[in-house]
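Residue numbers (the UniProt record's numbering), protein chains in the order written: chain A, 1 to 376; chain B, 1 to 376; chain C, 1 to 376.
A few of these clues could be false.
Which bits of chain B does chain A cover? Going by a derived footprint, with three or more residues having C-beta under 8 Å, they are [what the hints assert, rightly or not]:
#: 1; stretch: 59-66
#: 2; stretch: 157-171
#: 3; stretch: 238-244
#: 4; stretch: 264-272
#: 5; stretch: 276-286
The set of hints was computed from the structure by calculation and includes no laboratory data.
Cβ coordinates follow ideal geometry from the N, Cα and C atoms, glycine included.
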Amino acid sequence: MGGPVQEALEALELVDHHCHGVVTADLTREGFENLITEGAAWPGISPFDSPVGVAIRRHCAPLLDLPRHAPPDEYLSRRAELGPREVHRRFLTAARTSTFCVDTGYAPERLTTPAELAGTAGGTAYEVVRLEGVAEAVAAKGVEPDDYGDAFQAAALDAVQRPGVVAVKSVAAYRTGFDLDPARPSVAEVTEAARHWSARGGRLDDPVLVRHLLWTAVDLGLPLQLHTGFGDNDIRLHRVDPARLTDWLHLTTGTIPVLLLHCWPYQRQAAYLAAVFEHVYLDVGLTLHHVGPARARAVLEEAMEITPFRKLLYSSDAYGVAEFYCLGALAFRRGLAGLLQDRVDADELGLPDALRFAEWAGAHNASRVYGLSGPS
Amino acid sequence: MGGPVQEALEALELVDHHCHGVVTADLTREGFENLITEGAAWPGISPFDSPVGVAIRRHCAPLLDLPRHAPPDEYLSRRAELGPREVHRRFLTAARTSTFCVDTGYAPERLTTPAELAGTAGGTAYEVVRLEGVAEAVAAKGVEPDDYGDAFQAAALDAVQRPGVVAVKSVAAYRTGFDLDPARPSVAEVTEAARHWSARGGRLDDPVLVRHLLWTAVDLGLPLQLHTGFGDNDIRLHRVDPARLTDWLHLTTGTIPVLLLHCWPYQRQAAYLAAVFEHVYLDVGLTLHHVGPARARAVLEEAMEITPFRKLLYSSDAYGVAEFYCLGALAFRRGLAGLLQDRVDADELGLPDALRFAEWAGAHNASRVYGLSGPS
Amino acid sequence: MGGPVQEALEALELVDHHCHGVVTADLTREGFENLITEGAAWPGISPFDSPVGVAIRRHCAPLLDLPRHAPPDEYLSRRAELGPREVHRRFLTAARTSTFCVDTGYAPERLTTPAELAGTAGGTAYEVVRLEGVAEAVAAKGVEPDDYGDAFQAAALDAVQRPGVVAVKSVAAYRTGFDLDPARPSVAEVTEAARHWSARGGRLDDPVLVRHLLWTAVDLGLPLQLHTGFGDNDIRLHRVDPARLTDWLHLTTGTIPVLLLHCWPYQRQAAYLAAVFEHVYLDVGLTLHHVGPARARAVLEEAMEITPFRKLLYSSDAYGVAEFYCLGALAFRRGLAGLLQDRVDADELGLPDALRFAEWAGAHNASRVYGLSGPS
C-alpha cells in the first residue's frame with residue numbers, strides 16, 4: 001500500500017461531484033442505523049451487521065478516537081459525546097475533498113447546507129438542482145395544467161441561475177424507471193399529463209412529465225446527473241439499467257453531459273454507454289460506501305473495464321451521516337489506487353499514465369465537465 | 001488455508017436449508033452424467049469436462065479412495081463397486097451437515113426420503129412442500145374450477161401440517177417467470193383460470209394460478225423458498241431475475257420470509273432485495289457445485305457485497321447424486337472462509353465479527369428463519 | 001508466468017473463429033483512433049486514453065521497435081513509417097494464429113481479403129457469410145416482395161457454396177435485438193414484410209425478415225455466428241442479452257451450431273445457454289482487446305464459470321487494425337493460461353486436463369464445430 005499511485009491519490013484533494021448534506025440534529029441509534037442503510041433497522045437485523053456497518057466500525061471508529069472495529073454501542077456513544085459538529089468536522093477533514101457538488105433537493109430533515117459543508121471542510125461547495133423538486137414546488141403553488149410546462153421551465157431556469165449551481169439532477173429512476181418514450185413530449189401531451197397530475201396530486205411520476213423534465217434539463221444546458229441502479233426499495237432495479245436510456249442518449253447526443261450515478265449492479269452497462277456516447281460519464285457513487293473498501297476495487301474494476309479514463313468521476317453520494325464523505329473517499333482512493341498500481345507493477349500501464357488517470361478520475365474530469373476552477 | 005475462520009467453518013455443522021433426495025438405484029454412466037449437469041450428456045461433450053465434473057473428480061474421488069483427478073471411468077467404476085448406500089454415506093459424512101430442509105416435490109425417480117437422508121447423515125431432516133406439486137395433485141384428483149381455489153388451499157394447509165414441514169417452495173420461475181401482476185387474484189379470476197387449466201391439462205403454468213399459489217404461500221404463514229436464476233433449459237433466465245419480484249415484495253412486506261434460491265447470475269440483484277426488504281433472504285445454492293470451489297468464492301463475494309450478514313443462508317441444492325451435499329458444503333465453507341479470513345487478515349473485519357458472520361450464514365440464519373432448534 | 005499451461009498456450013497456434021480484415025490504406029490519427037474504439041475520437045477524449053489504448057501502447061509498441069507505453073504520437077508515427085503491409089505482417093506473426101474465419105460482410109472501406117490475411121499470416125483463412133449483407137444485396141438488385149423469400153434463400157445458398165465458406169453470421173442484435181417471436185415466419189408474413197421493406201428501403205431491420213434470416217441460417221445447415229452483447233452505439237445492450245434467444249434455441253435444438261460472439265456483459269447468461277443447450281457455443285471475442293490483458297482473465301473467469309470446456313472458442317474479432325489479431329490472441333492466451341495454471345497450482349485441476357482444455361478452447365473446439373482440418 002505504498003506505491004506512487006497510492007501516494008498521489010492520498011495527496012489529491014478530491015472533487016465529490018455528487019453528495020448531499022448531513023443531518024444536523026443528534027441521532028438516536030435507530031436514527032443512525034436508518035441512515036446507513038438503503039433498507040432500515042429491522043428487529044434482530046442491525047445495519048451494523050452489514051458491509052457498510054463493518055466499514056464504519058473499521059474506518060470511522062479510529063477517527064472518533066476508538067479502536068478499530070469498536071462495537072456499535074461504543075461507536076454511537078462516542079459519536080454522541082463529540083456532537084454533530086465535531087463529528088462532521090472530523091470526517092470531512094479525513095475525506096480530503098476540496099470540492100462538493102451538493103444535491104439540495106432531498107431533505108426530509110434539516111441537513112447541512114452547501115455553505116456549511118464547504119465551511120466545515122475548508123473547501124468549495126456548488127449546488128445541484130434536483131428537477132423533480134422544482135416541478136413539485138411549481139405544482140404545490142398551484143398552476144393551471146396549460147401553464148405547467150412553461151411554469152416548470154421558468155422555475156427550473158430560475159433555480160439554475162442561482163449562484164453556485166453547476167448541474168441539475170433527476171431521480172426519474174425512482175419515478176418511472178427508464179423504459180420511457182425517448183422523444184420530447186408535445187405541449188398538448190404535457191398539458192394533458194399535468195391535468196391528470198393536478199387531479200391526482202402526489203409526487204411527479206407521470207411518464208410524460210418525467211420525459212418533459214429530462215428534456216427541460218437538455219434545454220437548460222447544464223450537465224444532468226441521473227440516478228441509475230441501486231437505491232432504496234422504491235427502485236425497481238431491472239427498470240433502472242442505464243442501457244435503457246440508449247434511445248434517449250441518441251436523441252440528446254451533442255447536447256448536455258449526462259452523468260450516470262451509482263450504476264451498480266449495471267456498472268458494465270454504464271461503462272458501455274460512456275464508451276460509445278461522447279456525452280456520457282459515470283461514477284459508482286453510493287456503491288462505494290455500501291460495499292466498503294473490501295469490495296470497492298472489484299466494483300471499480302468492472303466499471304473501468306472499457307470506460308475511457310476521461311469518463312469516470314468520483315462521488316461519495318454521502319447523505320445524512322458525515323461518515324460517508326470519508327468512507328466514499330477512502331474506498332475510492334484505495335480501490336482506484338490498488339487497481340492502477342497493480343497494473344503499473346505488472347508493467348501493464350505506465351506510471352505517468354496511471355498518475356494522470358488517477359487525477360482525472362479523482363478531480364479533473366469533474367472540473368472539466370462542470371467547468372469548475374482548478375485543473376481539468 | 002489454516003486461519004481461525006477456516007477452522008471455525010470446518011468445525012461448524014451446516015444447516016442445508018434447501019436440498020433434495022438422491023437416486024437410490026444404481027446409475028449408468030449416462031445416468032450419472034445427466035444428473036451432474038443442468039444440460040445433458042451430449043455426444044462428444046461429457047459433463048465431466050465442465051467445472052462441476054472437474055470438481056467431482058478433484059474433491060469426491062478421494063472420498064472413494066481414488067487419487068485426486070481420477071478419470072471418469074475409474075470414478076464411476078469405483079462408485080458402482082461401493083454401491084449407492086456406501087457412496088451416499090461417505091459423501092454425507094464428508095458434508096458435515098447436521099440439518100437438511102428437503103424439497104420432496106420433485107421426484108421423477110425413486111429418491112431417498114428425508115428420513116433416510118437424516119439417518120445416513122446422522123442429522124435431522126425437515127421437509128419443504130413444493131406448492132406446484134400440491135396444486136397439480138389437486139387437479140389430478142379432479143376438481144371443479146369453482147372449487148379449485150379452496151381445494152388447493154386446503155390441500156396446501158394439510159401438506160404443511162404434516163410433522164417436520166418447515167417451509168414451502170415455488171418453482172414459479174420455471175412456470176411463468178416473475179413478470180407477474182403482483183396482486184392477489186380474485187376468486188373469479190382463479191375460477192376462470194382453473195377452468196382453462198382443467199380443459200388444457202398439463203402442469204400448472206397459468207399466470208393467475210401461479211399468483212394464486214404465491215399468495216396461498218403468504219396465507220400459510222411459513223417461509224417461502226423461491227427458485228430464481230440458473231436452472232435447466234426450461235428457465236428463461238432473463239425472466240427470473242429476482243428484481244422482477246419487487247412489486248410483489250412490496251405487497252408482502254410484513255408477512256412471510258421469502259428465500260431467494262440460487263440467484264446466479266443475479267446474485268447482486270438478490271443482494272439488493274435482501275438489503276432493502278426485511279423479509280428477503282438469499283443463498284447461492286445450486287451455483288456452488290456448478291461453479292465448484294474454484295469460483296464459489298467469487299460468486300459469494302458478489303452475493304455478499306451489500307447483503308446484511310443476517311440474510312445469507314447455505315444450501316447445497318443437492319439432487320440426484322450424493323456428491324453434491326459434499327461439494328456444496330466444501331465450496332461454501334472454503335469460499336466463505338477465504339473471503340472472511342482475507343478481510344480479517346487485511347484488518348478490514350474483526351475476527352469475532354467474522355466468526356459470528358460465518359456461523360450465521362452456515363447455520364444460525366436458517367435456524368432463525370425456519371424456527372429450527374439450535375442457536376439462531 | 002512460466003508454468004506448463006502458459007507454455008502450451010504460447011506454443012499453440014490459435015484458431016480465430018471470428019474476425020474481419022484490416023484497412024489497407026494509410027490511416028490518419030483520427031482514422032486510427034476511430035478504429036480502436038466502439039465510440040469515436042472525441043475532442044479532448046482520445047481513445048488512446050482507454051483500456052484498449054493502454055493495451056496497444058503496452059503490447060503493440062514493442063512490436064514496432066518502440067519502448068513499452070510509447071506515446072500515441074510516436075506510436076502512430078512509427079506505424080506510418082513502417083507502412084500497412086509491414087505493420088500487418090508484424091502483428092499477424094505475433095498473433096501465432098494458424099486459422100482465421102473471416103466475416104467478409106462488413107467493409108465500408110477496402111479491407112484485406114481472407115486470402116491476403118492467410119498469406120500474410122502464413123495460415124489458412126475461411127470465410128463467414130454475413131446474411132444481412134446477402135439479403136440487402138438481393139433487395140438492392142430489385143426483387144418483387146413475393147419473390148424475396150426464395151431469392152434470399154437462393155442467394156444465401158449460393159454464397160455459402162463458395163469455396164472456403166464454413167459459417168454464416170447474423171447481426172440481428174444490431175437490427176432488432178433478440179425480443180423476437182421465435183417461430184419461423186410464414187411465406188405470407190415474409191412477403192408482407194418484404195413489401196414494406198421494399199417501400200421503405202434502408203437496411204434489413206424488419207423483425208419478420210430478421211426471423212426469416214435466422215431460420216434461413218438453420219436451413220443452410222452451417223454453424224451460425226450471432227453477435228450478442230457489446231458493440232457500437234447502434235446496439236441496445238439490454239435487448240441483446242443472449243438469454244432472450246432461449247425460445248428460439250428450443251426451436252432450433254438438434255439443428256445447427258449457434259455461436260454466441262462477444263457476449264459481454266452477459267457472459268454468464270451465454271455460459272448458461274452453452275451449459276443447457278447442446279448446440280450453443282460462446283466466445284468473448286471483441287471484449288478481449290477492449291478490456292485488454294488487464295481484465296481479459298476476469299471476463300474469462302465469468303464466461304467459464306459453468307461453461308462446458310467443449311463450448312468455449314477463441315476469436316479476436318479484429319477489425320480495421322492488425323493490432324487486434326495480436327492483442328486478442330495475447331489477452332486470450334494470458335487470461336486462459338493464468339486461470340488454468342492457477343487452478344493446477346492449487347490442485348483444483350489436473351495438469352493433463354488443463355492442457356486439454358487449453359487446446360480445446362484455443363483451437364480444437366473451433367475445428368470441431370466448423371469441420372476444419374487439424375485436431376478437434
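message: Output the indices of the hints that this structure fails to meet, ascending.
response: 1, 2
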